[in-house]
Amino acid sequence: MAKKPSKTRKYVDMRYIMSPKSVAIIGASEKAGKVGNAIMQNYVDVGFQGRIYPININAEGSIMGYKAYRSILDVKRSIDLVVISVPAKAVPGVMEECCKAGVKGIIIVSGGFAEVGEVELQKRVYDIAQKYNIPVLGPNCLGVMDTRSRNDTLFLPTFKIDRPKIGGVSFVSQSGSVGSSTLDLISGEGFGLARFISYGNAVVIDEVDLLNYLAHDKYTKVIVFYIEGVKRGREFIELAKKVTRLKPVVILKGGVTELGASAAHSHTASLAGSAQAYEAVFRQYGFIEAKNLEELLYFAKVFDTQPPSRGNRVAVITNGGGHGVLATDALYLNGLVLPDITAESKERLRKTMPKIVNIKMPLDIGGDAGEERFSAALDILEDDPNIDSIMSITLFQTPGADEKVADAIIRHGTARKKPLVVVSTGSTYTKSHTSIIEGAGVPVYDSPDSAARALAALLWYSNYKNKVVE
Amino acid sequence: MAPLVDYEKAAGLLKKYGISSVRSSYVGSAEEASSFLKGDDPIVLKAISQKALHKSKSGLVKLNLRSEEEIRKAYADLVKRAKPLRPYKILAQSMLSGGLEMIIGGSVDPQFGKMVLLGLGGIYVETFKDFALRLCPISTYDAASMLRQLRSRKIIAPDNRSENMIAGLLLRASRMFTESNLSEMDLNPIILHDGRYDAVDIRLLE
Chain A
1 MAKKPSKTRK YVDMRYIMSP KSVAIIGASE KAGKVGNAIM QNYVDVGFQG RIYPININAE
61 GSIMGYKAYR SILDVKRSID LVVISVPAKA VPGVMEECCK AGVKGIIIVS GGFAEVGEVE
121 LQKRVYDIAQ KYNIPVLGPN CLGVMDTRSR NDTLFLPTFK IDRPKIGGVS FVSQSGSVGS
181 STLDLISGEG FGLARFISYG NAVVIDEVDL LNYLAHDKYT KVIVFYIEGV KRGREFIELA
241 KKVTRLKPVV ILKGGVTELG ASAAHSHTAS LAGSAQAYEA VFRQYGFIEA KNLEELLYFA
301 KVFDTQPPSR GNRVAVITNG GGHGVLATDA LYLNGLVLPD ITAESKERLR KTMPKIVNIK
361 MPLDIGGDAG EERFSAALDI LEDDPNIDSI MSITLFQTPG ADEKVADAII RHGTARKKPL
421 VVVSTGSTYT KSHTSIIEGA GVPVYDSPDS AARALAALLW YSNYKNKVVE
Chain B
1 MAPLVDYEKA AGLLKKYGIS SVRSSYVGSA EEASSFLKGD DPIVLKAISQ KALHKSKSGL
61 VKLNLRSEEE IRKAYADLVK RAKPLRPYKI LAQSMLSGGL EMIIGGSVDP QFGKMVLLGL
121 GGIYVETFKD FALRLCPIST YDAASMLRQL RSRKIIAPDN RSENMIAGLL LRASRMFTES
181 NLSEMDLNPI ILHDGRYDAV DIRLLE
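Protein chains in written order, with our numbering: chain A, 1 to 470; chain B, 1 to 206.
For the record, the hints were derived by calculation from the structure and aren't laboratory data.
Cβ atoms here follow ideal geometry from the backbone N, Cα and C, with glycine treated the same way.
The reader is advised that the hints may include incorrect statements.
Among chain B residues calculated to face chain A with C-beta under 10 Å, some are [claimed, not checked]:
1) 16
2) 20
3) 22
4) 42
5) 105
6) 106
7) 109
8) 116
9) 131
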């Protein structure tokens with residue numbers, strides 16, 4: 001990464017990078033297998049609504065039916081965004097031309113800069129960006145995906161990676177591979193995406209710019225970050241103090257380095273390595289730390305749809321006894337507890353449940369439970385003041401569980417009275433229901449443990465915002 | 001290497017921030033050391049040098065000295081061991097026995113800046129690595145949450161009173177570290193005894 005002046009600077013304008021009205025693709029090509037081919041093909045395939053200008057130094061006539069140009073200077077119309085996919089050595093020259101043509105934003109997809117030791121070349125990219133004061137994303141990145149304007153610079157063919165549906169989660173990844181594989185996973189989840197940004201070497205636009213942009217973005221409800229480090233530590237923190245009060249920021253930090261540890265003379269310095277410092281900063285400033293990629297998804301979906309949590313008492317309803325036992329373990333291992341439900345709730349439950357149902361937590365409503373029992377139990381537990389959130393274990397292998405049960409869960413889980421998460425372990429038939437439940441806005445987990453971790457994260461963040469010490 | 005702040009100066013700095021440390025004094029002879037004895041309470045002798053940062057590992061700490069005889073022997077041995085570490089000084093301290101040991105520390109992270117640490121102290125620091133870390137300056141909320149984060153919180157803060165005491169101490173230590181030109185700080189151990197605490201070993205690096 002290039003060194004930047006340490007003085008505070010203004011945040012970079014992301015508008016034209018994210019939602020341009022016109023895009024030029026430099027390095028666009030008819031040749032299958034080329035990055036410039038995949039990017040161009042995607043713009044055509046995903047239905048981008050703006051103007052598209054393919055540019056290739058050897059261009060003749062058209063590319064994929066669009067009039068092609070040999071240089072951006074030949075276009076002679078206003079261009080919001082340029083996506084550059086040419087060999088690294090040619091990038092500075094191409095950038096100069098773009099700036100002369102008056103473009104408003106540049107994404108450099110090409111690799112071959114600081115990440116392979118070409119620090120000087122990257123410095124030239126930085127200098128040109130400074131000279132023309134133009135927003136630059138990358139180099140060595142996938143660029144962006146904006147689900148609303150369908151601006152999609154990913155060079156990953158649409159048949160190889162699914163595109164997530166439109167939603168409120170925005171995902172930022174320093175790494176392209178973590179970014180794209182996680183995007184593919186998100187497509188398989190029920191929740192939707194607002195923006196995806198892969199920022200690579202961060203020569204101009206870095207974590208601070210992106211955090212600021214998404215904090216103020218009206219489509220972003222939840223920010224999900226994969227980082228390997230931040231370049232402007234203090235500025236990142238000063239910004240985070242405000243942002244984490246506005247929106248949940250789920251963060252996964254990869255790449256643990258031990259800078260400085262070797263030079264330590266004290267116990268403190270040897271304990272407080274770089275990884276520990278990041279962890280401390282996340283905790284102190286309200287980031288929701290995920291320990292792995294799975295947790296990024298678990299947390300993203302609970303924050304996307306569920307209201308804040310008021311406490312650690314989690315009611316468990318289940319149509320399978322063993323899952324109730326696993327859920328109890330999972331709750332306590334994650335700092336949550338089973339509640340003592342009120343006498344009134346017990347009375348109401350006794351009236352609605354058959355005699356075989358033992359009125360205690362976890363509430364096992366029986367393997368033959370159908371919509372009626374699920375609905376009644378959810379109604380009663382939602383009213384109970386001793387309960388802060390609800391885990392509904394809904395195993396669709398059982399005879400009573402069907403689409404009516406799914407409907408009841410959706411009705412309760414979208415009411416936003418108390419956080420509600422669903423646990424449904426299973427395969428084809430189960431997934432046919434859970435994808436609908438999750439698509440409607442109720443997070444579904446495949447194990448009590450993952451659901452408990454999500455509820456614990458929700459509570460942790462709610463406490464942070466309310467300044468409650470756990 | 002960052003210079004070690006002179007012990008008495010360090011203790012003075014702590015005092016300025018309302019952090020008490022155990023009674024101590026430099027001594028120039030075994031006789032002076034003996035005169036440091038008070039009643040039946042044992043004392044400790046330590047050799048302090050820029051060249052030896054781990055005193056106990058280098059045999060530079062003599063514990064539980066009660067008589068003039070013991071002090072004379074210990075003093076002579078310390079002088080012998082400390083010879084290659086000149087210049088050095090010999091420090092006499094009251095010995096606190098029992099009590100619970102914790103550490104409050106400070107270090108500078110290359111990315112984020114000054115950080116403060118609280119943990120189970122003494123010989124347990126390296127073994128259990130039970131500590132909480134925050135960026136300076138910390139708030140009262142941060143101080144409380146650091147303590148709550150420790151697995152050993154019930155040991156070092158068994159009740160509300162000790163919890164408040166430690167949180168207050170942590171805030172003062174963090175303020176001291178933030179406002180000073182220190183690069184590393186180890187107050188380890190801080191011994192909690194008889195409803196109060198005293199820093200027993202102070203290591204501040206500029």
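Verification of the hints:
no.: 1; hint: 16; in the structure: 20 Å, violated
no.: 2; hint: 20; in the structure: 20 Å, violated
no.: 3; hint: 22; in the structure: 18 Å, violated
no.: 4; hint: 42; in the structure: 25 Å, violated
no.: 5; hint: 105; in the structure: 3 Å, holds
no.: 6; hint: 106; in the structure: 6 Å, holds
no.: 7; hint: 109; in the structure: 4 Å, holds
no.: 8; hint: 116; in the structure: 9 Å, holds
no.: 9; hint: 131; in the structure: 6 Å, holds
In summary, the numbered hints that this structure violates are 1, 2, 3 and 4.
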